[in-house]
Amino acid sequence: MSKTRPVIFGKPAPYLALLASFLIGLSVMSIAAPASALVLDDIPWLSNLKTGLWEVKDRRSGELVDKVCVRDPKQLLQLRHAGPLCRRDVLRQDATHAYVYYQCGAKGHGYTNIIMEGSNLMQITSQGLYENSPFQFSAEARHVGACSSS
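Numbering (our numbering), first residue to last: 8 to 157.
If you are wondering where the hints come from, they were derived from the structure by calculation, not from laboratory data.
Possibly wrong hints are sitting among the right ones.
[Unchecked claim] Only pairs whose alpha carbons sit at most 27 angstroms apart, straight line, appear in this in silico DSS-like list of lysine-lysine:
# : residue 1 : residue 2
1 : 81        : 64
2 : 74        : 57
3 : 81        : 57
4 : 64        : 74
5 : 114       : 81
6 : 64        : 114
7 : 114       : 74
Throw the hints in and build the complete structure from the sequences for me.
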């Protein structure tokens, strides 16, 4: 007696299982590294931000959290991971808003939501991991002048 193999869409079932595995793998890869990620040059308004000294205040309390000398506006995308070279992917953006994922190797990673309210005012929310510790903040960043020369 010969065994009959199930046929779905004209193909033996094992091929369908292989196809399903392939499609599941593609969907997992698309979550881990979105194919729709844009490069930072796709945030044209970022270059309109003023360089110099920016004050970062907690949005809830209004307290000054930090002062940052911004030489490159992209620094505002990863305030918690200042300094290290990180890979950044723009997940969404429009004329005044960007949502960015960044990965800094062993230092950690984060997601930043940044909204430009003018060339000298930004609303920034960010969360992620910094050296294996979670962080989350919501801040307002405002340009206040030139960086000190010291």
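Consistency of the hints with the structure:
{"no.": "1", "hint": "81 / 64", "verdict": "18 angstroms, holds"}
{"no.": "2", "hint": "74 / 57", "verdict": "14 angstroms, holds"}
{"no.": "3", "hint": "81 / 57", "verdict": "11 angstroms, holds"}
{"no.": "4", "hint": "64 / 74", "verdict": "9 angstroms, holds"}
{"no.": "5", "hint": "114 / 81", "verdict": "18 angstroms, holds"}
{"no.": "6", "hint": "64 / 114", "verdict": "24 angstroms, holds"}
{"no.": "7", "hint": "114 / 74", "verdict": "21 angstroms, holds"}
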